[in-house]
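Visitor: As a plain string of letters, each chain reads:
10 protein chains.
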Amino acid sequence: MEKAEVTRQVIEAKQRLGLKWKDIAGAIGRSEAWTATALLGQAPLSPEEAQKVGSLLELPEDAVQALTVIPYRGTTVPMPPTDPVLYRFYEILLVYGPALKELIHEKFGDGIMSAIDFEMSVRRVEDPKGDRVQVVMNGKFLPYRKW
Amino acid sequence: MEKAEVTRQVIEAKQRLGLKWKDIAGAIGRSEAWTATALLGQAPLSPEEAQKVGSLLELPEDAVQALTVIPYRGTTVPMPPTDPVLYRFYEILLVYGPALKELIHEKFGDGIMSAIDFEMSVRRVEDPKGDRVQVVMNGKFLPYRKW
Amino acid sequence: MEKAEVTRQVIEAKQRLGLKWKDIAGAIGRSEAWTATALLGQAPLSPEEAQKVGSLLELPEDAVQALTVIPYRGTTVPMPPTDPVLYRFYEILLVYGPALKELIHEKFGDGIMSAIDFEMSVRRVEDPKGDRVQVVMNGKFLPYRKW
Amino acid sequence: MEKAEVTRQVIEAKQRLGLKWKDIAGAIGRSEAWTATALLGQAPLSPEEAQKVGSLLELPEDAVQALTVIPYRGTTVPMPPTDPVLYRFYEILLVYGPALKELIHEKFGDGIMSAIDFEMSVRRVEDPKGDRVQVVMNGKFLPYRKW
Amino acid sequence: MEKAEVTRQVIEAKQRLGLKWKDIAGAIGRSEAWTATALLGQAPLSPEEAQKVGSLLELPEDAVQALTVIPYRGTTVPMPPTDPVLYRFYEILLVYGPALKELIHEKFGDGIMSAIDFEMSVRRVEDPKGDRVQVVMNGKFLPYRKW
Amino acid sequence: MEKAEVTRQVIEAKQRLGLKWKDIAGAIGRSEAWTATALLGQAPLSPEEAQKVGSLLELPEDAVQALTVIPYRGTTVPMPPTDPVLYRFYEILLVYGPALKELIHEKFGDGIMSAIDFEMSVRRVEDPKGDRVQVVMNGKFLPYRKW
Amino acid sequence: MEKAEVTRQVIEAKQRLGLKWKDIAGAIGRSEAWTATALLGQAPLSPEEAQKVGSLLELPEDAVQALTVIPYRGTTVPMPPTDPVLYRFYEILLVYGPALKELIHEKFGDGIMSAIDFEMSVRRVEDPKGDRVQVVMNGKFLPYRKW
Amino acid sequence: MEKAEVTRQVIEAKQRLGLKWKDIAGAIGRSEAWTATALLGQAPLSPEEAQKVGSLLELPEDAVQALTVIPYRGTTVPMPPTDPVLYRFYEILLVYGPALKELIHEKFGDGIMSAIDFEMSVRRVEDPKGDRVQVVMNGKFLPYRKW
Amino acid sequence: MEKAEVTRQVIEAKQRLGLKWKDIAGAIGRSEAWTATALLGQAPLSPEEAQKVGSLLELPEDAVQALTVIPYRGTTVPMPPTDPVLYRFYEILLVYGPALKELIHEKFGDGIMSAIDFEMSVRRVEDPKGDRVQVVMNGKFLPYRKW
Amino acid sequence: MEKAEVTRQVIEAKQRLGLKWKDIAGAIGRSEAWTATALLGQAPLSPEEAQKVGSLLELPEDAVQALTVIPYRGTTVPMPPTDPVLYRFYEILLVYGPALKELIHEKFGDGIMSAIDFEMSVRRVEDPKGDRVQVVMNGKFLPYRKW
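Sequence order for the protein chains is L, Z, V, C, B, F, A, D, W and X.
So for the first sequence, UniProt numbering puts the first residue at 1; every next one is plus one.
So for the second sequence, UniProt numbering puts the first residue at 1; every next one is plus one.
So for the third sequence, UniProt numbering puts the first residue at 1; every next one is plus one.
So for the fourth sequence, UniProt numbering puts the first residue at 1; every next one is plus one.
So for the fifth sequence, UniProt numbering puts the first residue at 1; every next one is plus one.
So for the sixth sequence, UniProt numbering puts the first residue at 1; every next one is plus one.
So for the seventh sequence, UniProt numbering puts the first residue at 1; every next one is plus one.
So for the eighth sequence, UniProt numbering puts the first residue at 1; every next one is plus one.
So for the ninth sequence, UniProt numbering puts the first residue at 1; every next one is plus one.
So for the tenth sequence, UniProt numbering puts the first residue at 1; every next one is plus one.
To be clear, the hints were calculated from the coordinates, so they are not data collected in a lab.
Any given hint might turn out to be false.
[To be verified] Restricting the straight-line Cα-Cα distance to at most 30 Å, the calculated cross-link-like pairs of lysine-lysine (DSS-like) are:
1) A:Lys3 to B:Lys3
2) X:Lys146 to L:Lys3
3) V:Lys146 to V:Lys107
4) V:Lys129 to F:Lys129
5) C:Lys146 to V:Lys107
Same shape as in the complex, but just chain L (with noise of 0.2 Å):
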């Protein structure tokens, strides 16, 4: 079974379970962030989390046996991303993004954040003048070797 046809049964399932994605990742003992991405298609689950992911939202075997592989990643969002919600990501990096280098070297000298030894969160932090979208990266910083 293809990623893209799972990631539909899964959110076609949560959806009429009435599950959260803080519900599944309970199920599991991930975040909900990691866990969204990997029902998404976008990360590989271990044998354990897919069958208990099967069970929480009722997926045939193959598509909990598609959910454990390593998928290619990122042919979901097409560049530039024509989705608003994306493209503010799109615009923070056209922005800050020199902001973000500078920084980055400043703090801690040649290397990058890592996107991969990488996790994230987002947090809904109220506000009384409108609530706000809280989005924490966290990377391992990696310098560049030198050989």
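We have chain L; now place chains Z, V, C, B, F, A, D, W and X onto it with these hints.
Guide: Positioned in the frame of chain L, the structure of chains Z, V, C, B, F, A, D, W and X alone reads:
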């Protein structure tokens, strides 16, 4: 004076004077992330801020003036970014974008995180397995208008 | 059901039943511009709105359900648009874009017109030399945050 | 003199003299939107208009001459626009484009809104929840010729 | 029925019945160029025209209906065109475009040749050194509006 | 001397001397369309033609020499064209291209209209409803070789 | 029947029947290069040629019919080619293109090698250091028309 | 000295001295095609060859030196080529590419024609119906390695 | 059978049977890297190899047949790659490409590393600070031909 | 001083002084591959390394200073590369990329080869059938984080 030329002079003066972004930020009472963004040509300073930065960095008067101009933003980062520091943020959008969209909608409904009423910070988090880069993005949630 | 399929059914039903956008808009108490936007797959309806539209257009239940899903926006217009109706708006941005930017900054300062807290209308204005299309766009001004 | 150089001189003089677009527009009896468009290099002035603008902005004779040249339009906005002010109009086309096409055809039949026999205005609309940008676009409807 | 499918049926029927474009054009009182344009999915027919074409080409009712729909134009020619017949017109624009612009402005002033209030014809011109293709394009001059 | 620089000098001299393309064309016994094409850097002049144009436009000797060089054609029009005059011809290809291909094949068989053994003209056609631009393109039909 | 489907059937039949391109070419009295070009969907066969090929390859009648249709050429090679065999020809154009242009102009004057009145062949040339591929391209020189 | 500047000087000297490519080729004992390729900046000359060319074309010492540098190849032809001479070779790849691939595989098996161990020539072939350009490409067949 | 379908069946069978690439490679006496390349549709197997693979993986006869077809290579990796594993190799080319070119020329002269007479391997190298991926690429040096 | 200018001076001095990359590498105790990478502007040198290189290559002080700046990487190789040496690595990714991904996952699990904690070497391997280029890439395996 062109924004690109001011940026060049700012970088040169900052290096010559041995200043850090937070030193410059302190002089105008702003965060280091916003200060770096503005001095890299991606936001205008108020005339007072520009004067203070000009004094600190010993910039000529036309550079001070140029710092107050509202810029055409986003012109310095090629897309996709060729620089690995910036590319990793692009990759995060490719891989974690679908989860970002899902979680924002689940927590807030139909709308976006603003990239205008927005702030961010970059912090070094110590970790025995290797220090980590933490980027916090914080933007107002804007619900889609229906009319 | 995919958004594209719902859109196809909506268009077909609208034509078969001889309805206009304002007829459908009237049934849910919305403007014709927003109603067309939503039924063309670019905005979600509330469950109540979806039920009313479903009754009016005699849509099956899964189509009604699909109308309430928050879409991936912006996927149906290729850029640059090949269709002349849409291309003219693209051309307006090419030719009048610099003036739009200048005037918004002169009247409001540094910031943007929101495309989220936004509404628009299309009206036919009679003119002896040939009737005219009037498009009114109205979005909240969002000032850039400094922090 | 190149259009880009004239534009640079116009912007510099406007700032130095503390003029607004409507001041310049008043001097030639045109709207501020058209005046900004022309002085940003996207439309030619008549010789009389160019003389008046030249006097007001204290431009050299070759700049005045250059203002009357019919330009290659559309060369200053990269597509997709990297600047957020301009990008929002691009996004409006992505999201609201299908509705614009539908409504124009429903109200007028097969044809387009002209971007040549076209005018627009930008206005600040006060609003207790935050002032709003109103852009009115008005173009002649051109029906497709059948022959 | 999709426009692409109607086009396929039209081409097939035209071939099967041994008709030429001018035969079909004659049946609806239009030029062969416009008739070919419409039947290739780039313009809508009136209901009467569609009925006549449907009878002549023995099309099913839903194809007749589809012929009256206003299309999304311009979706069938990839750009740059890979087909040599179409590429030559693209090349003409590359090579002769600057002269076209200069001559239109010299003869008419600032404005364009309309591609909407437009007609064209294709004719075979006999020539002893090899017959020639003559394409006549004729569009209303639209002067740029100043306001 | 670069072609672009010659073009700049030609345009400047033409304007200064109050000449029209047909005046220059007359001096060398060519059509105004070909003359404009060549002087805009898209075709080489013979040495005699270059001398005559040089005298008429009071060009320096190295510009006269440069006019005789066979150019790299097609380098001045960006694709898709951002200028509306040129874009309309691009749009004609998008919308009317399929009909052009069909009609050429129906009248001539498998082959193309040459863009090399090619000529064109631009004419102003008076019309009470607004004068019209008539562009006549005329190219030798080249049948595909079978071997 | 679509050209792509005919091509698929031709390739399959050729393999099944153990034929070579020159066998098929011999049956219709054409060169192997043209025959391969036509049967890969890039040129139309005459009805007689199509019948002969149909008999030889045991194709169904609608495939035979489809072989006579003038194709939209150039749709099967993505550019730049991802396949190394085809990419090498693309690279030859990148590296040797300037010399090709210079030599054609030196030997013929201003004009081009036709790709329509054109033939080519592919030959295996034995060589003790490794056999060589020889591709001969032969096209009529077309001088640019001046008018 | 940059390759582009050397090329400019070579072209200028060749024209001033009335030399042809085969004259320069003769001076270094190479073919005219390779000589043109190298002097247009697409291949390095040996020091001896560079000295001979420098003497013949009266080039300064730093130009002679620059002729021996191994270049970044392929930087002067934009893709797709806008120049019609070069475009025709691009089109040949679009139209005849599938046949080239098939014939090379049929005659040689799995592998490619080298574009490195490669030579070519351009020749004028007289023909009563119009002289023809003959381009012969000859590259070593390289079989794909299996390991 | 399409290559993509064969690949799908191979992956599925390999997983079902619990085989590793080196198991399959062993069955045909090839390296695991070449075997994976071929079974992922990027190289043809000999009929004998295909039979052995077919037996081992229990593939149907038409899949075995399809494995022997010379493929259109390079069609499965979008460029730039969206998948992070593949992107890193793309990034290596961006960052280390200039050094690769310099070192190859310094050690070998003007020419390239063949990607046809080429082999590679992937190995896991143990390292107390974290195991490392070692990719060895080995291609014949091909000197540029001068003629 | 811009990185590009330093690179130019380094290349010129290296050639003038008859040095090889390993000579420069030896002076700073680094590998030739890293040294070439850094001096071609793709990595920063430490101040001590920069001083040593400056002495060896007789560079001015501002060039020495510029060598220590962390660069925007990846700006000198256009993609796809037009130079054949670099293109071959791009092609390797097209053809062998799927196998690289499969083998890395089979040997290591879900994760990537780092391009930051990475080193490489280029070596000449003698071979009677023609010497071979051996490129060894060695990067730390980074497992994807789950959280």
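Visitor: Decide, hint by hint, whether the structure agrees.
Guide: Here is what the structure says about each hint:
Only pairs whose Cα atoms come within 30 Å are accepted, and A:Lys3 paired with B:Lys3 is accepted, the gap being roughly 19 Å. The hinted pair formed by X:Lys146 and L:Lys3 meets the criterion: a straight-line CA distance of about 19 Å does not exceed 30 Å. Between V:Lys146 and V:Lys107 the CA atoms are separated by roughly 19 Å; this keeps the pair inside 30 Å, and the hint holds. Distance check on the hinted pair: V:Lys129 and F:Lys129 sit about 11 Å apart at the alpha-carbon level, within 30 Å; holds.
As the CA atoms of C:Lys146 and V:Lys107 are separated by approximately 44 Å, the hinted pair breaks the 30 Å bound.
Violation of the numbered hints given earlier is confined to hint 5; every other hint is satisfied by the structure.
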